[in-house]
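A.B. asks: Given next are the chains, with one letter for each unit.
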Amino acid sequence: MLDSNAVLNSYRVQDFLSAENLDRADATVVEIFKMMFGFEVEVDADSTLGPSREPNERTAIVGFSGAMRGSCQIRIGLQAAQSIASAMLGGAPVEETSDSVNDALGELCNMLAGGWKNGIPGLSSECALSPPTVISGRDYMVHVSKPSVKLTRIYCFSGHTLHLTLCCEGVDTSRD
Amino acid sequence: MQGTVLVVDDSAMMRKVVLRVLKMADVEFESTLEAGDGNQALELLRGNQVALIMCDINMPGMSGLQLLQQMQQEKLAVGVPIVMVTTENSEPQVRQAILAGARGYIRKPFTVDHIKNNVRPLLTG
Chain G
1 MLDSNAVLNS YRVQDFLSAE NLDRADATVV EIFKMMFGFE VEVDADSTLG PSREPNERTA
61 IVGFSGAMRG SCQIRIGLQA AQSIASAMLG GAPVEETSDS VNDALGELCN MLAGGWKNGI
121 PGLSSECALS PPTVISGRDY MVHVSKPSVK LTRIYCFSGH TLHLTLCCEG VDTSRD
Chain P
1001 MQGTVLVVDD SAMMRKVVLR VLKMADVEFE STLEAGDGNQ ALELLRGNQV ALIMCDINMP
1061 GMSGLQLLQQ MQQEKLAVGV PIVMVTTENS EPQVRQAILA GARGYIRKPF TVDHIKNNVR
1121 PLLTG
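Residue numbers (my numbering), protein chains in the order written: chain G, 1 to 176; chain P, 1001 to 1125.
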């Protein structure tokens, strides 16, 4: 039976899970890191790095609504988040307790979510972004509407890793 | 450059980034004002003359588009170039922003060249 959420989501599962979509996510990450921070990014396409083990992690989440409902999530260690905040400020040092760390991470997630969906004709105008939320630590769970599908990807930059998850919620998996 | 630039964005980090990239693009003003939301921006505009406004669209509370509409109603910053800075890329939003008085549009992430190409002409023209 079709989940009631499925009718809310006109973006198709096979499109979301396509190779083009992964390429689009990779291109978005590479472009933003280069333009905003001056970092070269490598894609860990085979996910050889596995799950992050850093206890002091930050997670930023931006929601999608409209033609696609879901979220863009990034997970990153505190030092990596500090590097990003510092690069955004032109190289100025940033303390780990500074609000700038979370602010920079939220903005990065916002740009990644926007850059990714703006590249998809069916979503660019038809899908809105929520303001970002930033979480400290690893002891949390993100609950999503079911059924849902996810794309995950790991990127390496300047000795750090970034985990990206794109989640599409309320999809009709029975037709795909 | 003479005058004051007003940067409106709910992210303090992004306000700093906008000001830094303006400076790198040789669009540096005598003074700067920052607002974290539309209401703060209105307060600043009621008491200050500005020469350029750089404004985010997607802000909690009063959005950038609502701010422009309110500025039109109150006849604030009439004739001042307003450039929207946002991750959104949708045509309806661009159209709404132009109708509400915006003169330019920059998508995040942006470079120094984007500022040079999209902001400087508004100040010299």
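Just so you know, these hints were derived from the structure itself, not from any lab.
Some clues are possibly wrong.
[What the hints assert, rightly or not] Using 25 Å as the maximum straight-line C-alpha spacing, the simulated BS3-like pairs for lysine-lysine come out as follows:
no. : chain 1 : residue 1 : chain 2 : residue 2
1   : P       : K1023     : G       : K146
2   : G       : K34       : P       : K1075
3   : P       : K1016     : G       : K150
4   : P       : K1116     : P       : K1016
5   : P       : K1116     : P       : K1023
A.B. asks: All hints, please: hold or fail.
C.D. replies: Status of the hints after comparison with the structure:
1. Among the hinted pairs, K1023/P with K146/G is inconsistent with the structure: their alpha-carbon atoms are about 48 Å apart, more than 25 Å.
2. Between the alpha carbons of K34/G and K1075/P the distance comes to roughly 40 Å, so the proposed pair goes past 25 Å and is violated.
3. Of the supplied pair hints, the one linking K1016/P and K150/G is violated, its CA atoms being roughly 34 Å apart against a limit of 25 Å.
4. Distance check on the hinted pair: K1116/P and K1016/P sit about 17 Å apart at the alpha-carbon level, within 25 Å; holds.
5. Between the alpha carbons of K1116/P and K1023/P the distance comes to roughly 10 Å, so the proposed pair stays at or under 25 Å and holds.
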